[in-house]
Amino acid sequence: MRILVVGGGTGGTIVANNLARRLSAEIRARKVRITMLSASDKHMYQPGLLYVAFGQMTPDQLYRDQASLLESCIDFHVDPVEKFELDNQKVITRSGKTHEYDILVIATGSRIVPEQIPGLAEGAETFYTEETAVKMFKGLRALEEGTIAVVVGVPHKCPIAPVELIFSLHDYFKARGIRDKIKIKYHYPIGRIHTIQNVATWAKPEFERMGIEYETLFNVKEVDVDSKVVRSEEGTETEYDMLIAIPPHRGMEVIEKSNLGDDGWIPTDRHQLTMNGHDNVYVLGDTTNLPVSKTGSAAHFEAEVVSENIASIIKIGTPVRDYDGKVYCFIEAGHDQATYAMFNYQNPPDLKPPSKPMHWFKMAYNQMYWTSVRGLL
Amino acid sequence: MTTQPETSTDTMASADLQRLIEFAQLVTAGRDAMSDEIVTRLAGALSEGLTLLDRLTRNEGLMRLLQVLDRQDTQYLLIALSDAIHAASKEVPATAPATGGLGCMLRVARDPGTQEGLRLLSVLGKHLSHSMREQHRHPEDSHR
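Those sequence lines, one after another, are chains A and B. Residue numbers for the first sequence follow my numbering, beginning at 1 and rising by one. Residue numbers for the second sequence follow my numbering, beginning at 1001 and rising by one.
Same shape as in the complex, but just chain B (with noise of 0.2 Å):
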């Protein structure tokens, strides 16, 4: 009685068999591994996560400010709004504590800095106010 030599064919098929078995054994282990317990957990967790998923997709303040973030000139202002907050950190300890009193207010108030600050919260308060206004006044126009 003679074989037939193991042609490349059956090779490829019994390889692709093999595989199929590890699949299947892959399967068959995590499912023994699986408890009533462990599919309640991640079943709550992803029951949790999609429902904070779908309040954060649908929160229209948060989607408008990613908007206003991937904007190239945003890119400009949280650039510089990292650097202030490293250049503020070691400022910060640095300087010595205020005296308090009119003369320490004076000299803060002729600080250039405290100047363009003020200048700074002054434009965004104008424009926030304006924003504010705006949306009540017309609350179907302002999520578009």
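Isolated chain A, as found in the complex (with noise of 0.2 Å):
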């Protein structure tokens, strides 16, 4: 049996590790073969990113090797793949290579897009890359005053990302002393603050309490870099003199040009997790086109379903599991202070008021990050 795991990030990772656990005893009598395919030979901790951004992180602290993350029975490549033959069951790597499957795990991801908003690569801030997040810090650390506008693009990763920027922004002119010198303007585009309606009613009275303006039915239609005017599809515009954007996000290339889904979304079964109409192929995280955040704990969740039912159905022929839509997010609140959102497909999140424990909870998990990933936690 040869399963192939397309993607080294949190979901392929976590999927290929449990399997590797799972299926011990069949890989030792060779009877099944876990081979990796990634765009990279390092591993990147991508909720640091937002740390890095605010000078509280270093890029180094974001990565490990991607080998030493795995075990050393998985038959791991550098070699992104260009071209996916589902009908053939096979795939055409960057080198040319073609690697055949029985079992295939697509968990290739998601990209930023900024470039879909005319603009908005060139006049805004991130922090979804190292380089960016980066710049966003020495943008930060150089303004002394104005107004920064925060606007978000959909659809994006992390959907908390928006809401911890607010509150990392406040603390960070807080702690420097210029606070009032800082006008903080948040955009959002549907009807709320939030685009889950508990988060919105916690993050409201927040909002008002640290002085945040913010606008809601916010569709960004473009930015004018030289006026620095960021214009609406609703017609309305801000001025700033430094633009955040959580820019739009689009499944990997390869997806799209392989015709697998729209925009790089896999159509996929919401319990099972398999591709529709390929009960083989298995797909997670950011890939799915399932009403689920993309986010390293949906990952998480889904990687945990895949796995066991791929083992099980290995060993006793059929799946065991459904995925429930689990996810669980942590919310950096301001003060050194968090709380955390958890829901599935039935139940929205009920957040608890921040506490100090759960910042230094969060402040364990990124440490504890790579143990999970290693299928341990």
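Worth flagging that the hints you see were computed from the coordinates, not collected in a lab. Any given hint could turn out to be false.
Stated by the list, open to error - One-sided and incomplete, this derived list gives chain A residues near chain B with beta-carbon spacing under 8 Å:
no., residue
1, Lys-356
2, Trp-360
3, Met-363
4, Asn-366
5, Gln-367
6, Met-368
7, Trp-370
8, Arg-374
9, Leu-376
Claimed, not checked - Quick list of simulated restraints, FRET-style, between CB atoms:
no., chain 1, residue 1, chain 2, residue 2, range
10, B, Leu-1118, A, Ala-67, 48 to 54 Å
11, B, Leu-1128, A, Asp-336, 30 to 36 Å
12, B, Leu-1050, A, Glu-215, 43 to 49 Å
13, A, Lys-356, B, Leu-1066, 40 to 46 Å
14, A, Thr-216, B, Thr-1028, 36 to 42 Å
15, A, Ala-29, B, Glu-1048, 30 to 36 Å
16, B, Leu-1066, A, Ser-40, 36 to 42 Å
17, B, Leu-1050, A, Asp-65, 15 to 21 Å
18, A, Ala-67, B, Gly-1113, 43 to 49 Å
19, B, Leu-1128, A, Thr-129, 50 to 56 Å
Stated by the list, open to error - Calculated Cβ distances over 12 Å to all of chain A for the following chain B residues:
no., residue
20, Asp-1010
21, Ser-1035
22, Ile-1038
23, Ala-1043
24, Val-1068
25, Pro-1093
26, Thr-1099
27, Arg-1107
28, Thr-1114
29, Glu-1116
30, Met-1132
31, Arg-1133
32, Gln-1135
Ideal Cβ placement from N, Cα and C applies to all residues, glycine included.
Make the complex out of the two chains shown on their own, each in a separate frame, by following the hints.
Here you go:
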């Protein structure tokens, strides 16, 4: 049985390691072989980029060698897939090699596409790559007064990011003693300040406490870089001294080129996490078109279901688990306090009051992540 | 106005309360002393420790070695090995350096200790080769 995992991010790494643990006897007996194809030999802890953007972490703290995170029996190649041929049960990589499979796991993630909005790539700071996060920090350090406009593209990774960004901005300038000279204006594309109702209800009084201006129903149309103005599809505009964007995201290009899903999101069974029409192809993490957050935690919980089901199919011929849509997000809420949102397909999040121990839990998780992707937690 | 004399129950409750206050003070002191950096370092050490423990406990060769080392007959071997290391550490420095040449080789070969040593290595090599052949022939059975 040849299992091929495409993508070495959170979801792909957890699936591969969990399978290696669950199928160790079969792997030793050479009945099962696990191969991983990834675009990089490094693994990045992506939530750490927000800390980089505020000078709380340096980029080198976000990386580990991918091979060091994988079980030794996993055949790992840095050779990204260029083409999926699902009908022939094979993929073709950048180096020209062909990998055939019996079971395929697609966990290729997503990418930012600021270029979809005129002027956004040139005019806005973001923290979704190492380079842009460092650039944003330098911009924040240089800012002594003025207006920071925060705009949000859709869809985007990590739904809590816009709210955490606001808390971080408030705390950062307060710590520098110039909060009164900085105006922070938040723009959100729907009719409330967050897509999750309970998060919006919780965050609204917090925004008012911090003196954050906000404008809802603001879908970014264009950024006039020269005039430093951001305009919305709804006809409004905001002048800024610094623009910070949560850029819109799409699935990876190879997914679109292989016609696996519109905008790079693969149509996926919401419980079995198989690709629609392909029972031997599993999809997880950002790559799915599921109505759950595009976060590492969703990828983690999906990976557990996928790996348990693949293992049980090999051992007893049938899957045993369904994904319930579980997502768990930490929310840094300023003042060294944090809370969390846990939800699934059936139950919305019920936010608890922020506390310092939850903040420490988040700090600890930043380190425990590496244990998590190894399939241990 | 008179006051009720303090009963033993009151005294105990008061002492319990005092202990609770002290515990709360301890927790508060610990909480105040903590910083993000301390939490990060502790979590990092715990994370790496867990990973190491996980690797050690799933290392089947190491687990087999521990099982073998636990057996009574292996205890004799370990004690003998300890004694041998101790004796050798005393004997080697007191022995004159080897002069080299065939004559020296013959003298060493005639030594009963050399023959005992070669026999031990030979037995060890025989079992090692047999076990490795079996494991490669039947990988699914070798870890039971």
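We went through each hint and held it up to the structure:
{"no.": "1", "hint": "Lys-356", "in the structure": "7 Å, holds"}
{"no.": "2", "hint": "Trp-360", "in the structure": "5 Å, holds"}
{"no.": "3", "hint": "Met-363", "in the structure": "5 Å, holds"}
{"no.": "4", "hint": "Asn-366", "in the structure": "7 Å, holds"}
{"no.": "5", "hint": "Gln-367", "in the structure": "4 Å, holds"}
{"no.": "6", "hint": "Met-368", "in the structure": "5 Å, holds"}
{"no.": "7", "hint": "Trp-370", "in the structure": "6 Å, holds"}
{"no.": "8", "hint": "Arg-374", "in the structure": "6 Å, holds"}
{"no.": "9", "hint": "Leu-376", "in the structure": "5 Å, holds"}
{"no.": "10", "hint": "B:Leu-1118 x A:Ala-67: 48 to 54 Å", "in the structure": "42 Å, violated"}
{"no.": "11", "hint": "B:Leu-1128 x A:Asp-336: 30 to 36 Å", "in the structure": "58 Å, violated"}
{"no.": "12", "hint": "B:Leu-1050 x A:Glu-215: 43 to 49 Å", "in the structure": "46 Å, holds"}
{"no.": "13", "hint": "A:Lys-356 x B:Leu-1066: 40 to 46 Å", "in the structure": "42 Å, holds"}
{"no.": "14", "hint": "A:Thr-216 x B:Thr-1028: 36 to 42 Å", "in the structure": "41 Å, holds"}
{"no.": "15", "hint": "A:Ala-29 x B:Glu-1048: 30 to 36 Å", "in the structure": "31 Å, holds"}
{"no.": "16", "hint": "B:Leu-1066 x A:Ser-40: 36 to 42 Å", "in the structure": "38 Å, holds"}
{"no.": "17", "hint": "B:Leu-1050 x A:Asp-65: 15 to 21 Å", "in the structure": "19 Å, holds"}
{"no.": "18", "hint": "A:Ala-67 x B:Gly-1113: 43 to 49 Å", "in the structure": "47 Å, holds"}
{"no.": "19", "hint": "B:Leu-1128 x A:Thr-129: 50 to 56 Å", "in the structure": "52 Å, holds"}
{"no.": "20", "hint": "Asp-1010", "in the structure": "34 Å, holds"}
{"no.": "21", "hint": "Ser-1035", "in the structure": "9 Å, violated"}
{"no.": "22", "hint": "Ile-1038", "in the structure": "9 Å, violated"}
{"no.": "23", "hint": "Ala-1043", "in the structure": "4 Å, violated"}
{"no.": "24", "hint": "Val-1068", "in the structure": "20 Å, holds"}
{"no.": "25", "hint": "Pro-1093", "in the structure": "42 Å, holds"}
{"no.": "26", "hint": "Thr-1099", "in the structure": "48 Å, holds"}
{"no.": "27", "hint": "Arg-1107", "in the structure": "48 Å, holds"}
{"no.": "28", "hint": "Thr-1114", "in the structure": "40 Å, holds"}
{"no.": "29", "hint": "Glu-1116", "in the structure": "38 Å, holds"}
{"no.": "30", "hint": "Met-1132", "in the structure": "15 Å, holds"}
{"no.": "31", "hint": "Arg-1133", "in the structure": "16 Å, holds"}
{"no.": "32", "hint": "Gln-1135", "in the structure": "10 Å, violated"}
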